[in-house]
Amino acid sequence: MTTRIRAIAFNTFREAVRDRVLYNLVFFALLLVATAPLLGEISIGVQRVLLINLSLSAISIFGIVISIFVGISLVSKEIERRTLYPVLSRPVGRGEFILGKYCGLAGTLLVNTMAMTTGFYVALLLMTRSFTRADANILIAIYFLFLQFIVIIGLALLFSSFSSPLLSALFALSMFVAGSFAADLRGFAAMSHGPEGLLARAASYVVPNLASLNVITRVSHDQFIPAALVGYNTLYTLLYATATITAAVLIFSRRDLK
Amino acid sequence: MLAVEILGLEKTYAIGFWKKKRKDGLKSLHLEIQQGEVFGFLGPNGAGKTTTLKLLMGLISPTAGTARILNQPWHDPAVRARIGFLPEQPYFYDHLTPIELLDYYGTLSGISAPDRRLRIPKLLERVGLAGQGGTQLRKFSKGMLQRVGIAQAVLHEPEVVFLDEPMSGLDPVGRREVRNFIQSLNREGKTVFFSTHILGDAEALCHRVAVLNKGELRGISVVADLTSQNRSRFEVVWQATAAIPAMRAFGNETHVAGEVARTIVRESQLQAALEALKSQSAQLISVNPVGGSLEEYFLQKLGEPDKVPR
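Chain order of the listed sequences is A and B. Take 1 as the starting number for the first sequence in our numbering and just add one per residue. Take 1001 as the starting number for the second sequence in our numbering and just add one per residue.
So that you can see chain A by itself, here it is in the shape it has in the complex (with noise of 0.2 Å):
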C-alpha cells in the first residue's frame, strides 16, 4: 500500500516540478523576495520588518495559489485526460489514489516553501549582515505557512472529488478568504443568537482557522510566538486535513468516471 501511494505521490511531484507554471511561480516569489531589500531601502527604520512581511506574504500568496490551482487539476485532469484509467485498472484503490495524490502536491509545495525560504534567508542576511536569534522565530511563521498549504490541498482535494474544476477553484478561494477570516466568524458566532447563531457557530467549525495559522506580523515585530501555539496548530492541521481527506476518499470512490 505505501509503495503504491509513494509511486503516485513521487509521479505527482515529478509532474509538478516539470510544469512550467510551477517554476514561473517560484521563479516570481523569489523575484519579489529578492526586490524586497530594495523597498526597505526607501522606508528607514523598517527594513527587516517590511522584508519579512513582503517576502512571508510572497511565500503565503503563491503557495496558496499553487495549492489551489494545483489542488484542484489533481483529480480533474487524472480524469479528463483519461490517465487514471490505467492506474485505477491496476491494484490501486482509489483511497490510495487520493492520498498520493495529496501527498506528492504537500511534498512539492515543501520544496518550494524551502527553496522560497532559502532565498528569503538570504536576503535577509544580505541586509541585516549578521543572522540574529529573533530570525529563527521566523521559521515558525513560515511553517504555519506551509500548514496552511496543507489545510488548503486538502480542501482543493476534496472539491474537486465531486464538482468542476472552475467551482472547484471559486470553493477553495472562497474557504480560503473565510479561513483568513476565521477568528471574526468565531467573535461573531460567539455574539449571534437563535438560528443565525447556531448557522454562525457551524460556519466556523467548518472554515479553517487560518487566521490562526498566519503570525507574519507578530514575528515581523520580534513577539515570541509559545509552543502550544506550535502543537495546537500542528495537531488542529492534522485534524482537518484528515477530514478533507476522509471525506474526499468517501466522495471519489462512489463516483463514476466518465
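These aren't lab readings, by the way, just hints derived from the structure by calculation. Note that this is a predicted model, so its numbers are computed, not measured. Some clues are possibly wrong.
[Claimed, not checked] Result set (BS3-like, lysine-lysine): computed pairs, CA atoms no more than 27 Å apart in a straight line:
hint : chain 1 : residue 1 : chain 2 : residue 2
1    : B       : K1019     : A       : K258
2    : A       : K77       : B       : K1023
3    : B       : K1122     : B       : K1142
4    : A       : K77       : B       : K1122
5    : A       : K258      : B       : K1278
6    : B       : K1020     : B       : K1214
7    : B       : K1019     : A       : K77
8    : B       : K1122     : A       : K258
9    : B       : K1214     : A       : K258
[Claimed, not checked] Distance ranges between label pairs, derived from CB positions:
hint : chain 1 : residue 1 : chain 2 : residue 2 : range
10   : B       : A1113     : A       : L139      : 42 to 48 Å
11   : B       : D1115     : A       : R254      : 30 to 36 Å
12   : B       : G1258     : A       : R201      : 49 to 55 Å
[What the hints assert, rightly or not] A short list of chain A residues far from chain B (calculated; beta carbon distances all over 10 Å):
hint : residue
13   : V26
14   : R129
15   : S163
16   : L185
Cβ atoms here follow ideal geometry from the backbone N, Cα and C, with glycine treated the same way.
Once you've looked at the hints, dock chain B against the given chain A.
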C-alpha cells in the same frame, strides 16, 4: 475455468442538469468468456462496449448485476494484478518518458524494481519502441501512444487483457502490428477481450464475437462458423423464463440476456431442441441459420428490433 463471467451487468446513467433523466448505457448483460479465448465485442459507437469495459475495470459502478474475472469478484484488488487494460484513445502523462511511465505502472502493479528493469526494455522492443524509451511522451504520435498503451497493459504479464478499440486511429501498418501482437498474446495463453467496430479485425483475430447495440446484447457467435459458409448450425432464441437446463444439453453456448436466451444447436438437433422448448412451455422467439460472413451477421443483429416482442 472462465476468464470472464458477466452476470446481468446493467448501467443506467442519470443525465441532464438535475440528473432526473435516465439513459441506459448497458442493459442486463450476461456473457461468458473462456480462458485462452480471443473475444471480440462488436457494436457501433454508443453501443455500450466502453461502458462494459469500464464496469469490468471498476471505473464506473453498475446499476445492477455482478461479474467475475478469473473466478473472483471483478472489484477484488487481487484480480486487478492479473488483468491488463488499454483504454480507448489512451493518453498518458506527457511529462514522462515511456521508461518512466512503465516503471510507474509496474510499481503500481507490484512488480519488483529488478523485474521492472528487466522487463521494460524488452517490452519496448516488442511493441516497436526500442530506442524511444527516453523520449517524453508529449513528442509521441497517436500510433506510438497506442503502442505504449499496449505495453502498459501487458507489462505485469496479466492472464486476461482488455483492450478498448486497440486499432482505433492506427494506420494499416500499425493495425497489422497490433493484430500480430494480440495473436502473440493469445499464443502465450492469455485471454484477450477487445472491443472494436472494425469487423475485419474481429474476423481475423477472434474465436467468438458478441454484437452489442444500444446497450443490448444482440447475439454471440463463433467466428469460424460465420465465415465457413456452413449453415449446419442454428441459433435458437426463446424467452429465458424456462428450458435453460434442457437447452444446455443441445448447445454448450447458451447465453441469457435479460429475459431472452440464445443457444446454438446443430441441424440434426434442431427438431429435438424445438420440441424440448415446447415441452417446457417456453416461448420460441426465433430460429436463424448460423453462417455467412461476420459482416452479414453483424448487420443482421443490428437490424433486429430493439426489444423482442413478448
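Comparing the hints with the structure gives:
1. Between K1019(B) and K258(A) the alpha-carbon distance is near 15 Å, which keeps this suggested pair within the 27 Å criterion.
2. The hinted pair formed by K77(A) and K1023(B) meets the criterion: a straight-line CA distance of about 26 Å does not exceed 27 Å.
3. Restraint check for K1122(B) and K1142(B): satisfied, since their Cα atoms lie roughly 21 Å apart, inside the 27 Å limit.
4. As the CA atoms of K77(A) and K1122(B) are separated by approximately 31 Å, the hinted pair breaks the 27 Å bound.
5. With a C-alpha separation of about 45 Å, the suggested pairing of K258(A) with K1278(B) is violated against the 27 Å cut-off.
6. Under the criterion of a C-alpha separation no larger than 27 Å, the hint pairing K1020(B) with K1214(B) is consistent with the structure, at around 20 Å.
7. Taken as a hint, the K1019(B) and K77(A) pair is honoured in the structure, with Cα atoms around 23 Å apart against an allowance of 27 Å.
8. For the hint pairing K1122(B) with K258(A), the CA-to-CA distance comes to about 33 Å; that exceeds 27 Å, so the pair is violated.
9. Distance hint between K1214(B) and K258(A) is fulfilled; the C-alpha atoms sit about 18 Å from each other, no more than 27 Å.
10. Between A1113(B) and L139(A), the C-beta spacing of about 37 Å breaks the proposed range 42 to 48 Å.
11. Look at D1115(B) against R254(A): about 35 Å separates their beta carbons, and that is inside 30 to 36 Å.
12. Remark: the range hint 49 to 55 Å for G1258(B) to R201(A) is upheld by a beta-carbon distance near 53 Å.
13. Distance to chain B confirms V26(A) as a non-interface residue, since its nearest Cβ pair spans about 17 Å, more than 10 Å.
14. Listed as outside the interface, R129(A) is consistent with that label: its C-beta sits roughly 42 Å from the nearest C-beta of chain B, beyond the 10 Å cut-off.
15. For S163(A), the non-interface assignment is confirmed: its Cβ lies about 14 Å from the closest Cβ of chain B, beyond the 10 Å cut-off.
16. With 10 Å as the threshold on Cβ separation, the claim that L185(A) sits away from chain B holds: the shortest Cβ distance comes to roughly 32 Å.
In this structure, the earlier hints numbered 4, 5, 8 and 10 are contradicted, and the remaining ones agree with it.
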